[in-house]
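Asker: So the chains spell out like this:
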Amino acid sequence: QSVLTQPPSASGTPGQRVTISCSGSSSNIGSNTVNWYQQLPGTAPKLLLYSNNQRPSGVPDRFSGSKSGTSASLAISGLQSEDEADYYCAAWDDSFNGVVFGGGTKLTVL
Amino acid sequence: QVQLQESGPGLVKPSETLSLTCGVSGYSIRSGYFWGWIRQPPGKGLEWIGSFYHSGSTYYNPSLKSRVTISVDTSKNQFSLKLNSVTAADTAVYYCARQAVTTYAFDIWGQGTMVTVSS
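In the order they appear, the protein sequences are chains A and B. Residues 1 to 110 in my numbering are what the first sequence spells out, letter by letter. Residues 1 to 119 in my numbering are what the second sequence spells out, letter by letter.
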């Protein structure tokens, strides 16, 4: 069971906007910023967003993030077939000084 | 560009020690950043194993702390993972990654290496 809670699955049709939630606690999301990773099938995870809503170079602005209290969310607008992947949220946890991950959300583009 | 590459045995016997190395190119470990290990059992999610800073600070997942050691060889610009007393539950793809100090984000990942624990 993961420390951060994500829905196991999400779906949308091309062009739609989808959101993925990530729920934590005061010691992780409540105290630190959230990072999001995208894992395409058979590949290593890739940093998608850092510091709640910052995009590394090369990440399309279709991907956005937000945080409020002990929850965060990832939004993908203009959904494309290549967005079909697993998405993970993560944060530093002050209770033991380490990283906690969400269980991952499998996004299906219908 | 910065690249990380994991290496080590793909098969380890139960109760033995899993040993992996992460070679870093394009960036000196001594220049900063945390450096970490993450694993992913087949069909499951990501699990953080531990991270270290070149100056000596090391952080471990409490659930693995009693069995894990992360060390660094700055002369070879590489770092290593040792996990002892392995069981089938330790079967996973093991990734090494560079981790930003201020955001704790893993910004560059190795391709990962599959380790199977079996007799």
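These are computed hints drawn from the structure, not numbers from a lab. Remember, it's a predicted structure, so these values are computed and weren't measured experimentally. Be a bit skeptical, because a hint or two may be false.
Said to hold, decoys possible - Chain B stretches covered by chain A per the calculated footprint, using a threshold of three residues with CB under 8 Å from any CB of chain A:
| id | stretch |
| --- | --- |
| 1 | 12-23 |
| 2 | 40-47 |
Unchecked claim - Quick list of simulated restraints, FRET-style, between CB atoms:
| id | chain 1 | residue 1 | chain 2 | residue 2 | range |
| --- | --- | --- | --- | --- | --- |
| 3 | A | R17 | B | R67 | 41 to 47 Å |
| 4 | B | A89 | A | R17 | 37 to 43 Å |
| 5 | B | S19 | A | S77 | 43 to 49 Å |
| 6 | B | G32 | A | Q54 | 24 to 30 Å |
Quick reminder that beta carbons are idealized off the backbone N, C-alpha and C, glycines included.
Asker: Does the Cβ pair A89 (chain B), R17 (chain A) satisfy 37 to 43 Å?
Answerer: Given range 37 to 43 Å: holds, Cβ gap about 39 Å.
Asker: Does the Cβ distance between G32 (chain B) and Q54 (chain A) fall inside 24 to 30 Å?
Answerer: violated, 19 Å
Asker: Look at the Cβ atoms of R17 (chain A) and R67 (chain B) and judge whether their distance stays inside 41 to 47 Å.
Answerer: Taking Cβ atoms as reference, R17 (chain A) and R67 (chain B) lie about 44 Å apart, which means the hint holds.
Asker: So is the stretch 12-23 of chain B in contact with chain A by the C-beta rule, three or more residues under 8 Å, or is the coverage claim wrong?
Answerer: Check failed, 0 qualifying residues.
Asker: Do at least three Cβ atoms from the stretch 40-47 of chain B come closer than 8 Å to Cβ atoms of chain A?
Answerer: n = 3 at 8 Å, threshold three: holds.
Asker: Is the hinted range of 43 to 49 Å satisfied by the C-beta distance from S19 (chain B) to S77 (chain A)?
Answerer: holds, 44 Å
Hint check: violations occur at hints 1, 6; the rest are consistent with the structure.
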